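Engineer: Sequence:
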Amino acid sequence: MRRAAVGVAMFAAVVLVGHAQSPGLTGRVVADSTGEPIANARVTLTTTAAVATLGAPVGLTDADGRFAIPGAADAQRVVASKSGYARSEPSATTGQPIEIRLRRGATISGRVVDRFGDPVAGARVAAQAPSRAQDNPASVAVAESDDRGEYRLAGLPAGHFVVVAMTMSMTTTPEIVGNRQVFISRPEVQRTYYPGATTPAEAQTFDLQFGDERPDIDFVVPTGHAIGNPFSVMRLTPSPLPQPANAAVRTTGIIRGRIVSADGRGLSHAQVRLMQTGFGVRSTTTADEDGSFEFTDLPPGKFGVIASKMGYSPIGSDDAPLGLLLNSGSTLDLAEGETHEKVDLRLQRWGTLEGRVFDELGDPIQGASVQLLHIRYESGRRRLVPAGGAAHATDDLGRYRIYALAPGRYVVSATVGDVADLPGYTRSYFPGTPNAGEAQFVSMGVSQDLTGIDFSLSRTRTARISGKMIDAAGQPTTGGTVQLLPSAQSTSVTSVPAGARILPDGQFEFANVPPGQYVIQVYRGRQNRWIEGEFVSIPVTVNGTDIKDLILQTSSGSSIKGRITFDTYNDSKTPARSAIELMPIPTDFDLSPRNSLAIAEIHDDWSFDMKGVNGPRRLQLTRVPRGWTLKQVLVHRLDATDRPLPFGRPDQSLTDVEVVLTDRMTELSGTIADDRATPTAGASLIVFPMNRDRWYPSSRFLGTTTAGADGAFTLSGLPMGAYYAVAVARLPTEGEDAWQDPTFLESLVPRASSVTLGDAQKISLPLRLVSR
1 MRRAAVGVAM FAAVVLVGHA QSPGLTGRVV ADSTGEPIAN ARVTLTTTAA
51 VATLGAPVGL TDADGRFAIP GAADAQRVVA SKSGYARSEP SATTGQPIEI
101 RLRRGATISG RVVDRFGDPV AGARVAAQAP SRAQDNPASV AVAESDDRGE
151 YRLAGLPAGH FVVVAMTMSM TTTPEIVGNR QVFISRPEVQ RTYYPGATTP
201 AEAQTFDLQF GDERPDIDFV VPTGHAIGNP FSVMRLTPSP LPQPANAAVR
251 TTGIIRGRIV SADGRGLSHA QVRLMQTGFG VRSTTTADED GSFEFTDLPP
301 GKFGVIASKM GYSPIGSDDA PLGLLLNSGS TLDLAEGETH EKVDLRLQRW
351 GTLEGRVFDE LGDPIQGASV QLLHIRYESG RRRLVPAGGA AHATDDLGRY
401 RIYALAPGRY VVSATVGDVA DLPGYTRSYF PGTPNAGEAQ FVSMGVSQDL
451 TGIDFSLSRT RTARISGKMI DAAGQPTTGG TVQLLPSAQS TSVTSVPAGA
501 RILPDGQFEF ANVPPGQYVI QVYRGRQNRW IEGEFVSIPV TVNGTDIKDL
551 ILQTSSGSSI KGRITFDTYN DSKTPARSAI ELMPIPTDFD LSPRNSLAIA
601 EIHDDWSFDM KGVNGPRRLQ LTRVPRGWTL KQVLVHRLDA TDRPLPFGRP
651 DQSLTDVEVV LTDRMTELSG TIADDRATPT AGASLIVFPM NRDRWYPSSR
701 FLGTTTAGAD GAFTLSGLPM GAYYAVAVAR LPTEGEDAWQ DPTFLESLVP
751 RASSVTLGDA QKISLPLRLV SR
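So that you can map any letter, position 478 of the sequence shown is 478 in this note's numbering, and since no number is skipped, the others follow by simple counting.
Hint data in this document are derived by calculation from the structure and do not stem from the laboratory.
Predicted model, so just to flag it, every value in this text is computed and none were measured.
Honestly, I wouldn't trust all of these hints.
[Claimed, not checked] Computed cross-link-like contacts, PhoX-like style, restricted to lysine-lysine with a CA-CA straight-line distance of at most 20 Å: (1) K468 with K561; (2) K611 with K573; (3) K548 with K611; (4) K342 with K302; (5) K631 with K561; (6) K631 with K548.
[To be verified] Per label pair, the in silico range of CB-to-CB distance: (7) D218 with T451: 39 to 45 Å; (8) E736 with K342: 23 to 29 Å; (9) A712 with V749: 21 to 27 Å; (10) E746 with P407: 26 to 32 Å; (11) A738 with T655: 21 to 27 Å; (12) A760 with A262: 48 to 54 Å; (13) R626 with R751: 28 to 34 Å; (14) N595 with V660: 41 to 47 Å.
Don't be surprised by glycine CBs; every beta carbon is placed ideally from N, CA and C.
Please model the entire structure based on the sequences and the hints provided.
Structural biologist: Take a look at the structure:
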């Protein structure tokens, strides 16, 4: 075994010599009914090896249905599959040609609805071989219902099957922990077997032949188990509330209202939740046929009412509709015995997008993973990243449907994913290109339905990356996440992590990797608030040739110990420890985890600890009490403020770090007005340094705040220095840190005012709104 050093002490890779390959297998795949060749059928081998391995050879048939793939000496049978056909697994002998005949697969389709007939999205529907010995037999085919409640199971072989719809809800109950009441959520999975049974033995059995189609296999599930409904995902069981201190207070208040659509039409059967300040969820109810609801027997207090219905989201929500905002409803004060009428809430219908995905021959691809991307500024770069929500798989007709879409501009992308696993296909973008720079944006309006977003996947030379993971102690591991990410040094404009196939002995494999520069990261997750988990990151360059036998050994990282001190006008004045957060912020995201970073454990004597730190970091305060700011970071009494520090090895640990907080703060205040000198409420102030070397992500020299109702603003705690200050109507929408993009900041310089802040200096600066 040859161990290769890779530039940074925190990671290592081992490359092993590949094994000689056996003669392989050749043959032809044809349609059983006609004998016609089937192009682009997927063919792979299974083995009799006692221990599972990765890297099974996979091939695609050519236009004449022929294939030739390398085989293993212990190959037992070949597996062939194609969208719309049932898979075939004939016995095979390496070195001898074989003809494989595929037959059309059977399909089962229908809807999943609740007791009101409303669609249930996200229900998992499966066809299973009936077994009286098992309560939950293995699934032969699986699909998810969409926002219309529709599902389609395809590629089924001939045989006997039962069909089950699996839904889930969260039941939350109050428990007393110490002197606090907390709510504990527990998932509940319910299996409903067609036509309404609770066990496979009671279910209807379907006798399927090849090519059969069984439509209208519909399910009715409990309303509270509608997975796609935000309330039912986190459905709360109303809990007993403390009795009012004054027993004479009457609980006779009433709140009535109506749930309506954007056009004022009543929305039947919407779920409505009543929140009470200081107590959380008071009650839930379901609106009637015209959207009306009522809560009775209420004590006096401050209440909030929010509503949810499948296919709708709160009007004015900037996030994806499934991310329901608790402040998107109505708030009110209820007096004793008072009745509040006309508490009406408006919901807007979701946007949807649908289309089909094909191969280069125009045949539909089943199991392709379709995902929406949008431009976001993250980790110091503007890239295409997932637009929230899970990817959606295509059915046997190549169809996909994406729902719960907020207005915006999206790029539609597709990749073969784990289900299809077709070699040689790379991520492709609508209208049908492997180049993200040539992708066409799709504009989604409010409640818009976009159809016909059809495109083909692109063929290119791809590679497999495989190896084994071991922990810091040298033992095989499967813990944590394993991701393949475009390197920050690459020219790729798409940043979509790819997950690996992992076996119990720590073997991993990334399939269908197109040429490019990447990093493989293994992160075992934060052990607790102040200890990051074991981590490793290695760079890989893919040029179409398989990369095999990598050894990824995680590192337990470095530790950071120090103390917090104060530079203050009043030596007896110290802030609350709980209001301070000190974190090691990555300066190179190729060499550090991208989330779940350590937060220093601050002790009673103001000493602090962090462990498991890997990669270059800056020590920064990410949360600071009002009236305090960072003055200095000292390492062994030398100034290390704003400097990247190396971590990863035990000998890179730090034991003498001093973080100095001060209440001698700068302050920039003023008003923002438009070109007619009218105060502009809600405008944003951006302050950034004249020194462009300080324009890096999360720099403490960058600041922003929002003007109040009178156009007034105050921004405190910036370090001393020379700055630009500019007011804009709104910040860029490409992510919460998009305003820190150096390109955007540079565009503001010609219209910005200049200001120099001295030690603890307070400056008033009136600003005029500028257009972008």
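Engineer: Each hint should be assessed against the structure and marked as holding or not.
Structural biologist: Here is how each hint holds up against the structure:
For the given pair, K468 sits about 33 Å from K561 by alpha-carbon distance, which is inconsistent with the 20 Å threshold. Restraint check for K611 and K573: not satisfied, since their Cα atoms lie roughly 29 Å apart, outside the 20 Å limit. Pair hint K548 plus K611 does not hold up; C-alpha atoms about 32 Å apart against a cutoff of 20 Å. Distance restraint check for K342 and K302: the Cα-Cα separation of roughly 17 Å lies within the 20 Å cut-off, and the hinted pair is therefore satisfied.
The hinted pair formed by K631 and K561 meets the criterion: a straight-line CA distance of about 18 Å does not exceed 20 Å. As the CA atoms of K631 and K548 are separated by approximately 49 Å, the hinted pair breaks the 20 Å bound. For D218 and T451, the Cβ-Cβ distance of about 24 Å falls outside the hinted range of 39 to 45 Å, so the restraint is violated. Against the hinted window of 23 to 29 Å, the Cβ-Cβ separation of E736 and K342 comes to about 36 Å, which falls outside the hint.
Taken as a hint, the range 21 to 27 Å holds for the pair A712 and V749, whose Cβ atoms sit roughly 25 Å apart. Taking 26 to 32 Å as the suggested C-beta distance range, the pair E746 and P407 conforms, at roughly 29 Å. Look at A738 against T655: about 38 Å separates their beta carbons, and that is not inside 21 to 27 Å. For the hinted restraint 48 to 54 Å between A760 and A262, the CB-CB distance of approximately 51 Å keeps it satisfied.
Between R626 and R751 the beta carbon distance is about 31 Å. The supplied range of 28 to 34 Å therefore holds. Checking the proposed 41 to 47 Å range against N595 and V660 shows it is violated: the Cβ atoms sit about 28 Å from each other.
Taken one by one, the earlier hints fail for this structure at numbers 1, 2, 3, 6, 7, 8, 11 and 14, listed in ascending order.
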